[in-house]
Amino acid sequence: MQLDKQPVWKTILYPLIAFLLVIGIWWVSVIAYDIPRYVMPSPGDVWAHILDDHVALWIGFRVTFKEFIIGFVLGAFSGFAMAVAMDASKTVRGVLYPILIFSQAVPIIAISAALTIWLGFGLAPKLVIVALVVFFPVVVNVLDGLRSVDADLLRLARSMGGNTWSIFRHVKMPATLTPLFSALKLSATFSVTGAVIAEWSASTSGGIGAYLMQANSRLNTSGTFAAIAYLALLGLVAFVLVIAVEHLLTPWRHKPTVPRWSSRFWRN
Amino acid sequence: MPETPIPKLKLSGVSRSFDENLALAPTDIEISEGEFICVVGPSGCGKSTMFNIIAGVLQPSAGRVALDGRDITGKAGEVGYMLQKDLLLPWRTVLDNICLGAILHGRTTRKQRAEGVALANRYGLGDFINHYPAALSGGMRQRVALMRTLAMHRDVLLLDEPFGALDSMTRMAMQKWLLSVWAAEKRTVVFVTHDIDEAIFLADRVVVMSPRPGRIRDILPVTLPRPRGRDVYTSKEFLHLKDQIMTYIYDDGEATDAA
Ligand SMILES: Nc1ncnc2c1ncn2[C@@H]1O[C@H](COP(=O)(O)OP(=O)(O)O)[C@@H](O)[C@H]1O
Ligand SMILES: [Mg+2]
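Protein chains in written order, with numbering that gives the first Met the number 0: chain A, 0 to 267; chain B, 0 to 258.
A hint or two may mislead.
Restricting the straight-line Cα-Cα distance to at most 27 Å, the calculated cross-link-like pairs of lysine-lysine (DSS-like) are [as the list claims (entries may be wrong)]:
id, chain 1, residue 1, chain 2, residue 2
1, B, Lys175, B, Lys7
2, B, Lys84, B, Lys235
3, A, Lys89, B, Lys74
4, B, Lys74, A, Lys171
5, B, Lys185, A, Lys254
6, A, Lys171, B, Lys175
7, A, Lys65, A, Lys184
No lab work stands behind these hints, which were simulated from the structure alone.
Please read these numbers as outputs of a predicted model, since none were measured by experiment.
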């Protein structure tokens with residue numbers, strides 16, 4: 000976690016400068032080359048559109064965020080459970096691994112179309128798509144984490160009288176946190192993409208993906224760019240959220256002592 | 000009923016094969032209460048195999064392990080066990096790592112944790128109970144690992160090359176520290192090491208093992224007076240024992256391999 004090594008103001012300032020730089024170059028180019036608004040709006044045009052239509056955009060943001068967050072948590076938990084099952088039983092592992100790999104070969108957009116037929120136009124197909132995006136990396140990483148726990152550590156825990164459950168709870172499960180979160184960080188922005196793709200297959204939900212498609216079909220370029228900006232924001236929120244939860248759940252990776260608020264902190 | 004007192008730990012005909020290979024030939028040994036036994040021998044001579052069997056995490060192919068005359072073959076949780084790797088849980092504090100035995104048996108009580116704190120205070124880690132292991136030096140981590148073993152309240156401690164990964168100066172300090180802990184806690188210790196000096200410095204008896212198949216070559220009593228200081232390294236008895244052990248290890252070894 001290099002992010003923690005530098006002061007907070009630096010971690011915020013540098014990306015902010017980069018962001019403003021991109022906006023600046025964009026703006027200057029649009030003016031300098033006299034690009035028509037329907038081809039490429041300036042940041043000012045996009046901002047004006049956002050001010051104009053912020054209610055609809057905000058509703059869309061909330062809809063897509065809801066699809067993302069529920070699907071993400073669902074995918075993370077079911078992926079974790081799958082990894083535990085595959086770790087516990089050789090048979091389960093042998094049967095499921097090929098299916099898992101095979102399922103990855105099917106493009107998500109194809110699954111999305113099929114899901115709309117089976118699950119309709121509501122929230123359900125979106126959740127499934129987002130969950131599927133998270134599911135695979137979580138299964139692979141958590142399974143890897145479970146299987147790479149030091150055999151000597153497991154032997155030691157057994158010699159101390161630990162049973163299968165307590166060893167899982169206190170030794171194996173915490174060891175999966177680091178690989179779990181690297182999978183979650185990787186798939187956070189991808190799962191926002193998943194939500195958008197799902198909205199395109201069944202665009203009655205009113206999310207940002209649906210908004211983008213409508214604006215695009217009306218050649219409303221400012222609207223398209225406003226939707227893109229909101230999606231970028233959503234991706235950022237998703238990523239930061241995962242990092243924040245990781246930070247909270249793995250204090251040992253960035254602190255020398257247990258936080259004082261923790262129940263594990265010993266006071267005399 | 001028995002004429003002689005029941006040994007604290009007794010191995011009768013304990014052996015173990017992996018596939019066709021005999022890792023440990025039938026082994027017998029009796030260890031008395033409060034004894035400090037060191038086991039030396041080249042790697043691959045079955046030392047860890049023997050420990051895993053005593054600790055109950057590996058089934059012997061044949062033979063019995065008895066603690067206070069009670070059969071504990073294949074039963075885990077009867078003796079304390081510590082390895083060369085400290086195997087501390089990085090996500091737990093020093094205190095929680097010391098109390099790991101209790102944690103694995105359910106929840107820790109405040110009394111158990113207070114006991115862990117007392118242990119840390121007594122052995123010089125009182126200021127680090129709320130630290131994560133990553134913040135400690137190698138020597139400190141091994142001390143935590145030993146405290147974790149002590150906190151289990153088992154009469155017999157199996158230490159498998161516990162100081163093998165430490166630099167020689169830290170190791171010397173740890174040896175003296177271990178002897179003081181042993182004197183204070185009055186436990187029975189079985190200690191595996193590669194280091195012949197370490198074995199003689201620590202032990203009441205040195206068990207010398209040979210490979211292919213792993214077996215006990217000889218058991219040598221060490222009568223050097225305790226407490227032992229640096230001067231024992233140059234004493235006549237020390238040098239004599241060292242010579243004898245080297246003869247067992249190197250002369251036997253030359254016949255079978257060049258390493
Ligand atoms: N789980 C295992 N499977 C197969 N062979 C093993 C296993 N554990 C140990 N052995 C073999 O048994 C022999 C003794 O190993 P070990 O007890 O670890 O020796 P030591 O601790 O004295 O170095 C070695 O030849 C080793 O390769
Ligand atoms: Mg060994």
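Verification of the supplied hints:
Annotation: proposed proximity of Lys175 (chain B) to Lys7 (chain B) holds, straight-line Cα distance about 24 Å (limit 27 Å). Note on Lys84 (chain B) and Lys235 (chain B): the hinted pairing is violated, with a Cα-Cα distance of about 34 Å set against a maximum of 27 Å. This hinted pair checks out: Lys89 (chain A) and Lys74 (chain B) have alpha carbons roughly 26 Å apart, not beyond 27 Å. For the suggested pair Lys74 (chain B) and Lys171 (chain A), the alpha carbons sit about 22 Å apart, so the restraint of at most 27 Å is met.
Of the pairs offered as hints, the one joining Lys185 (chain B) and Lys254 (chain A) is violated, with about 37 Å between alpha carbons and a cut-off of 27 Å exceeded. A distance of roughly 35 Å separates the Cα atoms of Lys171 (chain A) and Lys175 (chain B); the hinted pair therefore is violated under the 27 Å criterion. Only pairs whose Cα atoms come within 27 Å are accepted, and Lys65 (chain A) paired with Lys184 (chain A) is accepted, the gap being roughly 18 Å.
Of the numbered hints stated above, those contradicted by the structure are hints 2, 5 and 6, listed in ascending order.
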